[in-house]
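Protein chains: 2
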Amino acid sequence: MKYRLLIAYDGTRYQGWQRQAQAPTVQGTIEGVLEKVTREAVTLIGSGRTDAGVHAWGQVAHFHTATALSQERLAKALQALLPDDIVLRDLTEAPPDFHARFGSRRKTYDYYVWNGAWPVPFFRGYSWWVRSPLDRCLMADGLAGLLGERDFSAFQTSGSRAAHAIRTMFQAGLVASPRGWLRLRFQADGFLRHMVRNLVGGIVRVGQGRWSLEEWRAVIESRDRSRAGEMAPAQGLFLRKVIY
Amino acid sequence: MKYRLLIAYDGTRYQGWQRQAQAPTVQGTIEGVLEKVTREAVTLIGSGRTDAGVHAWGQVAHFHTATALSQERLAKALQALLPDDIVLRDLTEAPPDFHARFGSRRKTYDYYVWNGAWPVPFFRGYSWWVRSPLDRCLMADGLAGLLGERDFSAFQTSGSRAAHAIRTMFQAGLVASPRGWLRLRFQADGFLRHMVRNLVGGIVRVGQGRWSLEEWRAVIESRDRSRAGEMAPAQGLFLRKVIY
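Protein sequence lines correspond, in order, to chains A and B. Heads up: the first sequence is residues 1 to 244, going by the working numbering. Heads up: the second sequence is residues 1 to 244, going by the working numbering.
These are calculated hints, taken from the structure and not from any lab test. Beta carbons: idealized from backbone N, C-alpha and C, even for Gly. Treat the hints loosely; a few may be bogus.
Facing chain A, a subset of chain B residues (Cβ under 10 Å, in silico) [what the hints assert, rightly or not]:
(1) L88
(2) L91
(3) P121
(4) R193
Make a model of the complete structure from these sequences and hints.
Printed below as a string of structure tokens:
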């Protein structure tokens with residue numbers, strides 16, 4: 001039997017998604033619970049990795065099992081045994097050809113920036129505090145320049161396993177609250193390693209006036225990683241949704 | 001010299017405000033930093049205690065010091081040395097007759113309820129997850145019944161040091177988002193021990209239909225602690241503001 005999971009997690013305590021021998025990870029934690037429940041060795045395939053400290057509203061994963069437990073009992077057991085920073089939102093039987101990683105058509109990431117005068121302590125694990133004023137119109141203009149199919153090499157961290165850096169961006173925009181919140185949203189057919197955090201780092205430079213829109217466009221066109229600015233911190237990033 | 005502090009904190013890690021010998025508390029942590037900076041024994045007087053796990057947007061406190069450090073240097077040193085879950089929002093010289101506890105005229109508390117279908121992991125330290133549907137109109141009606149001067153004995157936890165339980169409630173209402181957030185706000189000239197958490201526990205019963213508005217009003221009038229329902233958990237509570 002193949003099952004598909006929809007999972008939310010608070011990444012604060014974890015060294016990212018991918019299993020590691022010596023450090024707590026989201027994949028490793030869920031696999032441990034699955035093995036306890038099914039009494040089998042289980043490999044959980046996620047839609048992709050998230051970095052240490054990155055959160056997820058809607059990570060998707062699948063696994064195989066020969067367990068005799070019903071779907072409902074399996075879901076209840078998982079919900080009961082998972083730590084409270086990993087939440088099983090849904091468990092469904094998946095068709096045999098479903099693959100959480102290779103089947104994903106689009107992903108949506110959100111990035112939260114807190115642009116207030118002081119670092120609100122409750123937000124510190126879930127946003128990037130940018131103190132200097134941000135020009136939201138410039139940022140929105142700059143984000144719109146990311147739409148469509150292009151080579152995102154300038155925003156890829158070296159060591160990426162991707163064969164090429166051409167991706168199609170379907171959504172790149174921001175919503176701002178009068179109080180100082182910015183939510184940046186990106187939807188694409190795939191993301192390179194650290195791509196969202198590099199994009200956010202760059203567009204915040206634009207918002208601060210440290211880059212003009214022309215410079216920003218030149219960075220995008222350059223396909224040169226050394227041109228991009230510093231990467232935004234992990235804790236503001238949320239994997240929102242994976243579309244199959 | 002007397003200084004007045006405006007402080008925000010994430011109460012997750014602390015055994016409340018009040019200094020304890022063996023456990024981390026907010027008062028103890030700030031006093032420790034003040035002593036390091038001023039090289040004096042310092043007693044910090046807060047506007048009042050907060051329970052373990054309760055947060056603050058705007059706690060107010062004062063202390064005396066003979067330090068030669070300027071106000072600006074003192075503020076910078078505090079900001080640099082406080083842990084990142086305690087934030088100094090403001091430091092000002094206070095007039096000699098200012099007293100953070102006895103001078104407070106009103107306080108505002110916010111309580112956040114997350115009424116969604118599943119327990120969002122990022123909210124778990126900052127809200128109470130109530131899964132069953134809540135009738136927000138009934139809740140708003142019930143809250144309005146708290147306004148004015150009355151005896152809040154029914155919502156006081158035993159062991160309270162207060163001489164009497166008569167308080168004046170200036171604000172008691174809620175704001176709801178379509179997504180499932182409820183923010184309950186209470187402003188009064190003073191609060192009894194666990195009063196907000198007891199009020200929230202009761203009004204959620206009303207929202208769930210477990211108490212009618214008549215029963216709720218009877219509980220208020222009863223002045224009998226044993227009549228009130230269970231207390232709402234600490235992590236949804238925020239001391240919003242203290243007014244002098």
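A quick look at each hint next to the structure:
no.: 1; hint: L88; result: holds, 9 Å
no.: 2; hint: L91; result: violated, 12 Å
no.: 3; hint: P121; result: holds, 4 Å
no.: 4; hint: R193; result: violated, 24 Å
Hint compliance for this structure: hints 2 and 4 are not met, and every other hint is.
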